[in-house]
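Peer 1: When we follow our numbering, the leftmost residue of the sequence shown carries the number 1086, and every step to the right adds one.
These are calculated hints, taken from the structure and not from any lab test. Fair warning: there could be bad hints in the mix.
Stated by the list, open to error - With a cut-off of at most 20 Å between alpha-carbon atoms, the simulated DMTMM-like pairs for lysine to aspartate or glutamate come out as follows:
#  : residue 1 : residue 2
1  : Lys1191   : Asp1158
2  : Lys1191   : Glu1212
3  : Lys1205   : Asp1151
4  : Lys1156   : Asp1142
5  : Lys1156   : Asp1139
6  : Lys1156   : Glu1212
7  : Lys1191   : Asp1139
8  : Lys1156   : Glu1168
9  : Lys1205   : Glu1153
10 : Lys1205   : Glu1168
11 : Lys1191   : Asp1142
On a predicted model such as this, the values are computed, not experimentally measured, just so you know.
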Amino acid sequence: MNIKNLLKVLVIMFLGMTVVLSSCQKDDPAPAPTPAYVPSFSATYFSVNAGGVDVLDFYITCVSDDWEMIKVDVIYPGGAGNELFTGSGALQLRGEPFTFPNYFLKLGGTWSFNITGNIKSGTHVGESFTVSTTLAVSGK
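Hey, can you work out the whole structure from these sequences and the hints?
Peer 2: In structure tokens:
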């Protein structure tokens, strides 16, 4: 009888574990994080002759939002150098071009602008962003 009772106990335990484990719900995986909002920027330039030297006057425009500039890192073509400009907390309006306080030596190639700031309008107001935009400058 001991073996018979032991066998009954084992069968009942096995069935009980099967019912308990099958009724457990698995947690759904965490939803993928929502990517950070990235405003749209465009860059343009004018070539200027200053004292017999060709220089570039760059304009950066946010076409999607009002924004506050924290910093803009201007990277020369081919990594030949860079200049970092920090913001003063001034509001830059959507569609209004921002220009730099100095000209840049005219170098043909792709210029990069790494822009960090805060959104100041629309549904993403108060959000920070970092965005890059490039501009191809032709040689002479």
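Peer 1: State for each hint whether it applies.
Peer 2: Against the structure, the hints come out as follows:
The suggested pairing of Lys1191 with Asp1158 holds, with an alpha-carbon distance near 17 Å, which does not exceed 20 Å. Pair hint Lys1191 plus Glu1212 does not hold up; C-alpha atoms about 35 Å apart against a cutoff of 20 Å. Proposed proximity of Lys1205 and Asp1151 is supported: the alpha carbons are some 5 Å apart, at most 20 Å. The straight-line distance between the Cα atoms of Lys1156 and Asp1142 is roughly 18 Å, inside the 20 Å bound, and the hint therefore holds.
Under the criterion of a C-alpha separation no larger than 20 Å, the hint pairing Lys1156 with Asp1139 is inconsistent with the structure, at around 26 Å. With a C-alpha separation of about 15 Å, the suggested pair Lys1156 and Glu1212 falls inside the 20 Å cut-off, and the hint holds. Annotation: proposed proximity of Lys1191 to Asp1139 holds, straight-line Cα distance about 6 Å (limit 20 Å). Between the alpha carbons of Lys1156 and Glu1168 the distance comes to roughly 10 Å, so the proposed pair stays at or under 20 Å and holds.
The straight-line distance between the Cα atoms of Lys1205 and Glu1153 is roughly 7 Å, inside the 20 Å bound, and the hint therefore holds. For the hint linking Lys1205 to Glu1168, the alpha-carbon distance of about 25 Å lies beyond 20 Å, and the restraint is violated. For the suggested pair Lys1191 and Asp1142, the alpha carbons sit about 9 Å apart, so the restraint of at most 20 Å is met.
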